[in-house]
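Chains W and U, in that order, are what the protein sequence lines are.
Per numbering that gives the first Met the number 0, the first sequence starts with residue 0, numbered consecutively.
Per numbering that gives the first Met the number 0, the second sequence starts with residue 0, numbered consecutively.
No lab work stands behind these hints: they were computed from the structure.
Any given hint might turn out to be false.
As a list, the in silico EDC-like pairs of lysine to aspartate or glutamate whose alpha-carbon atoms are at most 16 Å apart [stated by the list, open to error]: (1) U:262 - U:131; (2) W:364 - U:289; (3) U:364 - W:289; (4) W:262 - W:57; (5) W:262 - W:53; (6) U:262 - U:57.
Taking CB as the label site, the calculated pair distances span [stated by the list, open to error]: (7) W:93 - U:222: 52 to 58 Å; (8) U:343 - W:432: 51 to 57 Å; (9) U:87 - W:427: 53 to 59 Å; (10) U:108 - W:398: 36 to 42 Å; (11) W:427 - U:27: 41 to 47 Å.
Chain U stretches covered by chain W per the calculated footprint, using a threshold of three residues with CB under 8 Å from any CB of chain W [said to hold, decoys possible]: (12) 71 to 83; (13) 161 to 174; (14) 232 to 240; (15) 298 to 309; (16) 349 to 359; (17) 407 to 413.
Built from N, CA and C at the ideal position, the CB exists for glycine as well.
Protein chains: 2
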Amino acid sequence: MSQETPIDPETLRRQHPADVADLLIRLPLGEAVAALRELPPELAGRVLVEIAPEAAADYMDAFEPGALAALMAGLPSDEATDLAALLEPIRRRDLLALLPEELALHVESLLAYPPDTAGGIMSEDFIMLRADRTAQECQADLRRRPRATLPDVSYLYVTDGARRLVGVVPLRDLVFARPDQRIGDIMSREVRTLPVDADREEIALQFERYRFLGLPVVDGQGRLQGIVKSSDALEIAQAEATEDMQLMVGLSGEERSFTPWQKALGRRLPWLYVNLATAFAAAGVVSLFEAQISRWAALAVFLPVIAGQGGNAGMQTLTIVVRDMALGEMSPRDGRRVLMKELVLAAIVGLAIGLTVGAIGYLWKGSIELGLVAGAAMLLNQLAAAFSGVAIPLGLRLLRLDPALASSILLTTVTDIAGFFFFLGLAVLAMRQLGM
Amino acid sequence: MSQETPIDPETLRRQHPADVADLLIRLPLGEAVAALRELPPELAGRVLVEIAPEAAADYMDAFEPGALAALMAGLPSDEATDLAALLEPIRRRDLLALLPEELALHVESLLAYPPDTAGGIMSEDFIMLRADRTAQECQADLRRRPRATLPDVSYLYVTDGARRLVGVVPLRDLVFARPDQRIGDIMSREVRTLPVDADREEIALQFERYRFLGLPVVDGQGRLQGIVKSSDALEIAQAEATEDMQLMVGLSGEERSFTPWQKALGRRLPWLYVNLATAFAAAGVVSLFEAQISRWAALAVFLPVIAGQGGNAGMQTLTIVVRDMALGEMSPRDGRRVLMKELVLAAIVGLAIGLTVGAIGYLWKGSIELGLVAGAAMLLNQLAAAFSGVAIPLGLRLLRLDPALASSILLTTVTDIAGFFFFLGLAVLAMRQLGM
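Only chain W is shown next, with the shape it has when bound in the complex (with noise of 0.2 Å):
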C-alpha cells in the first residue's frame, strides 16, 4: 500500500491490541507479517486474537512453530486455543509441544469442544469458592494469590466438593458482605448455566435477554467447566448477524471487506451459478411464451416489473423472519400466525400494487387487457413472495440448515418463477380472448 504512511513499530507498541490489529489487515499478508515479527511476543499474541480467524490463519502460516509458541505464551488458555484451532493438525500438535506445559494442557482440554459452543468459547479464569467459608477468608484467599493470576471477573463461584455449581456471589456483595458472613449465605442459589454445548445463538440470547456479565458453563453432571463473559456475546452476536447477512445472499459468512479476492472467487462463484441454474429455470417459464411474446412485445417490458416486485417485497419478509428467528424473538410454532399476517399484508400491498400497475400497463400501452394481467400477476405474485418469504426460513430450520442459507437465492427464484408464470399465463387467456 504505497499510499499509506509506513508503520513504525515504535508507535504499534504503545496501541491497543485491537488498534494494531485494524492496521495490520489493511496490509499485503507479507508487511502484516513482518510487522507482527517486529513487536515484542506477548503484543504479537494479543493482535493474532484480534484478527478475523480467516486472516489469523493466513499470518500464523507464516510463523516457525517456535515463534508461534512464543507469540502465545501469554494468552489466556481460550484466546491460544482459538489460534491454535486455526492451524493444521500438525502444525498444532507441534505447537502444542513447545507450550508452556500448564497452557498446552489447558489448551488440548478447551480442543475437545467444537469452536461454536459454549466450551469452545468458554474460559478457563473464573475464581470458585466454597459455601463454608467467610467472607472475610475468601478476601484474605483472593489477596494471597499473584496479581497476575487474577481474572477480571464480575461473579465468583460456589462449589462443592466435586465441583459442582451450587450458587453464584456477584463481586460486588463479597465487597459489601460483613466480614464474618458466610458464603452460603450470600450467595444466590439460583444459577443460570449454559450448557457446554449450548451454540452460539443460545448463548448471545441468554446475554442479551437476562444481561448477564458473564455465565458459567456446566457440563452433564452440573459440574463448572468455564465461564463466558459478556464481551465474548457482543463478539458472538455481532459475528451471528453478520454470517446471517452474508449467507442470505450466498456468501461464507466469513468473507470481509478486505478478503483477497483469490479467496472471495472460490466461495461465491458456486453460489453465483446455482442462481444462475435458478435464473434459467425461471428463464424456461418465459420461453415457454415466446410466441406470445413475438405477437405482444409490450409482455417482456411488464416481466421484470411484476417479478422484482415480488423479490422485493418477499426480501422484507424473510429479513424480518430471518432475523427474529435468530433473536429467538418467533420460534416455527409462531410460523402459521406470522403466515396469516404477511398474507394479509400480500393482499392490501397486491392490491394497492396491483391496481397502479394495471392503471399504468393501461395507460402506457393503451391496453385494458394488459393492465388486468399485469395486475392481477402483481396481486398473486406479492401472495407467493409472503409465502415464500415465510415458508423458506421455516423450511430450512426444518431442515436442521440455518434459515439464512441461501435463502434470498431461493427467494427470488420463487417469485420470479411464479411472477413469470402467473403474468405469461394470464397472457394468454387475455390474448385468446382478444383473438390475438
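Put chain U on the given structure of chain W with help from the hints.
Quick look at chain U alone, frame taken from chain W:
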C-alpha cells in the same frame, strides 16, 4: 389466541421479566395489557422495559398516568427514561408529575439527550470515589450505604472536586488492594470514555473492540455523567444489525414478526412504491427495444437472467460493504481499495458466468450471436453490480444517510437498468450484423 394455553398470573410472577415479555408479545394487545395489570406494579414495569419500544408504547397508552407512574416508580432512571421517551409530550408531562421526585428529576435530565446517543442510553447508577481515600475507607463507605442503592458495577470512577473523571478502579482491584493503599495509587489514569453524543454504532464498536464491562460517559468538560454497561452494548449491537438488515430492503428498522399488519403496511408500502417507480424506469429501457423483441423473442428469455444475476452478485458486494462499515472494519477511505478488489472479482466472475450464459445461449437457442450478446452483457453487468455495491453505501454515507438505507432497492435499480441496456443495446448491434 385461542390455541394457546391461557396465561396464569401466578406463573407469570415467578418468571424473569424478559420471559414474561416474551409471552406477552404473542398476545393480542388487550389481553397483554390485562395480563400486565394483574402483575405487581414493580414487575410490570420491568416487563415493559423488556418489550420492543413500539409494542411497549402501545401497552403504555392503555394505562392512566397514575397507574403508569406506579409501574415505573421502581425502575432505574435510564430504563424509566426509555419508557417515558415513548409517550406523547403531554402524557409524559403528566407522568413526570406523578413519579417520585428524585426519579422524575433524573428522568427529566436524561430526556434531554437524544435516545440513540450515549447520553440517552447511559445509566446514572455509578459509584464515584476520591483519589485521596484509602481502599479500606472506600469499602467501609460502600458498606454503609443501603444495599438497594448499590448498583451492580464493575468499575468505580475516581473524580476530582468538579466531578471530572481522573481515573478508574476495577471493583476487583479494590477488593484485592491492601487496606491502606490510596485510591490514587491503585487507579488507572488511562480511562476510555464515551462522549455524551456518541452514537449507537460508535458505542457498540468501543465495546466490541476493547471488551469493556462498562464505559463512563463524559460531557464536553470531561465531567462524569453516567455509564453505559456491556449489556446495553449488546442490546445496541443487536438493534443496529437488525436495523441495517431491514433498512437494506426498505423496512423501517423497527418492524418485528408480531408487528400488527396495519402498522407494517404504512411503512412498507412507500418503499414498495419507490421500488415500483424504479422498476418502471427499468421497464422503460426494455420498452425502447419492443420492436427488436417482437422480431427476436429469445431476447425476452435472457433479459431477467442478465439483470437477476447482476442483482445477486451486487447484493453480495453490498452486504459485505454495509456490514463492514457498520462494524468499523471498513471506512470510506478504504473505498478505492475495496472497489478495486470487487471489480477484479466481478471481471473474473463475469467472464466465467458470461461464458456459461453465452454457451447456453448458443446451445439452447442455436444462435452464436445471442450467446455473444448475452455473455458480454453478463460481464458488463457484473462490473456495474460490483461498482454500485461499493458506491451506493459509500455515497449514502457521504450524504450523511445510513449506508444501508434502501441500498438493495437502489442496487437492483442499477443492475436492472444497466443489465437491460447492455443486453438489448448489444442485441441491436448484433441484429444489424445479422440483417434482422
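How the hints compare with the structure:
For the hint linking residue 262 of chain U to residue 131 of chain U, the alpha-carbon distance of about 57 Å lies beyond 16 Å, and the restraint is violated. Of the pairs offered as hints, the one joining residue 364 of chain W and residue 289 of chain U holds, with about 11 Å between alpha carbons and a cut-off of 16 Å not exceeded. In summary, the hint linking residue 364 of chain U to residue 289 of chain W is supported, as the alpha carbons are separated by about 11 Å, within the 16 Å threshold. Of the supplied pair hints, the one linking residue 262 of chain W and residue 57 of chain W holds, its CA atoms being roughly 12 Å apart against a limit of 16 Å.
Pair hint residue 262 of chain W plus residue 53 of chain W holds up; C-alpha atoms about 10 Å apart against a cutoff of 16 Å. For the suggested pair residue 262 of chain U and residue 57 of chain U, the alpha carbons sit about 12 Å apart, so the restraint of at most 16 Å is met. At about 54 Å, the beta-carbon gap between residue 93 of chain W and residue 222 of chain U stays in the expected band of 52 to 58 Å. Separation of residue 343 of chain U from residue 432 of chain W is about 53 Å and conforms to the stated range, judged on CB atoms against 51 to 57 Å.
Taking the beta carbon of each, residue 87 of chain U and residue 427 of chain W are about 55 Å apart, inside 53 to 59 Å as hinted. For residue 108 of chain U paired with residue 398 of chain W, a C-beta distance near 52 Å fails the hint of 36 to 42 Å. Between residue 427 of chain W and residue 27 of chain U the beta carbons are some 44 Å apart, a value that agrees with the proposed interval 41 to 47 Å. With 0 residues carrying a beta carbon less than 8 Å from a beta carbon of chain W, the region 71 to 83 of chain U misses the three-residue requirement, and the given coverage is violated.
Check result for the region 161 to 174 of chain U against chain W: holds, 5 residues qualifying (beta carbon to beta carbon below 8 Å, three or more required). Only residues whose C-beta sits within less than 8 Å of a C-beta in chain W count toward coverage, and the region 232 to 240 of chain U has 6 of them, enough to reach three; the restraint holds. With a cut-off of 8 Å between beta carbons, the region 298 to 309 of chain U has 10 residues touching chain W; three or more are needed, and the interface restraint holds. Check on the region 349 to 359 of chain U: 5 of its residues sit with their Cβ under 8 Å from a Cβ of chain W, so the three-residue criterion for coverage holds.
Chain W is given as covering the region 407 to 413 of chain U, and this holds because 3 residues of the stretch bring a CB closer than 8 Å to a CB of that chain, at least three being needed.
Hints 1, 10 and 12 from the earlier list are contradicted by this structure; the remaining hints agree with it.
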